[in-house]
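Enquirer: Sequence:
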Amino acid sequence: MQGVNAVASVIVAGYADLAGNSGAAGSDATPIAIDTLAPTIVSIQTTTASGYYPVGTVIPVAVTFAEAVQGTLTLTLNSGATLVGPVNGSTATLSYTVATGQTTTDLDVIGATGVLTDAAGNTLVLTLPTGANSLGGQ
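1 is the number of the first residue of the sequence shown in the working numbering; add one for each residue after it.
It should be emphasised that the hints constitute simulated quantities derived from the structure, not laboratory data. For each residue, glycine too, the CB sits at the ideal point set by N, CA and C. Be careful, since some hints might not be right.
[What the hints assert, rightly or not] Derived DEER-like restraints, expressed as beta-carbon distance ranges:
| hint | residue 1 | residue 2 | range |
| --- | --- | --- | --- |
| 1 | Ser22 | Thr91 | 48 to 58 Å |
| 2 | Gly121 | Ser22 | 25 to 35 Å |
| 3 | Ala13 | Thr47 | 54 to 64 Å |
| 4 | Asn21 | Ser90 | 38 to 48 Å |
| 5 | Gly51 | Thr130 | 18 to 28 Å |
| 6 | Asn21 | Ala132 | 57 to 67 Å |
| 7 | Tyr52 | Ala120 | 42 to 52 Å |
| 8 | Tyr15 | Thr117 | 13 to 23 Å |
| 9 | Ala132 | Tyr15 | 50 to 60 Å |
| 10 | Ala132 | Gly56 | 23 to 33 Å |
| 11 | Gly101 | Leu126 | 43 to 53 Å |
I would like the entire structure built from these sequences, with the hints used as guidance.
Expert: Written out as structure tokens, the structure reads:
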């Protein structure tokens, strides 16, 4: 079943609580948001041009999510590096420091793991973006 975002209104036919208090029928005009839509990764980008960089060069890798999420994200790069960082919002920037033996002319993310959730507790779908929204597609 695919997730949905919906709004519901509550109509009360009357109530009585355990203490014996009661109330009349009515409705609550305050909508209740129901969010079962899983957040996704929208893009993974860098401001650093493709090319060879010396050992020690720091390359920022920016990840954009469809909505705010919290947790820890791990990205595996085609250079052999692994980036790990906390996420608390709709964007996160992880830093890739070029190490000895890590060579590629077109840096890309080849895997993502972690447990990240949105405010409603829905778990992030770890499908990597493709094309222009991917690190290698820039």
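Enquirer: Which hint numbers doesn't this structure obey?
Expert: Hints 8, 11 contradicted; others consistent.
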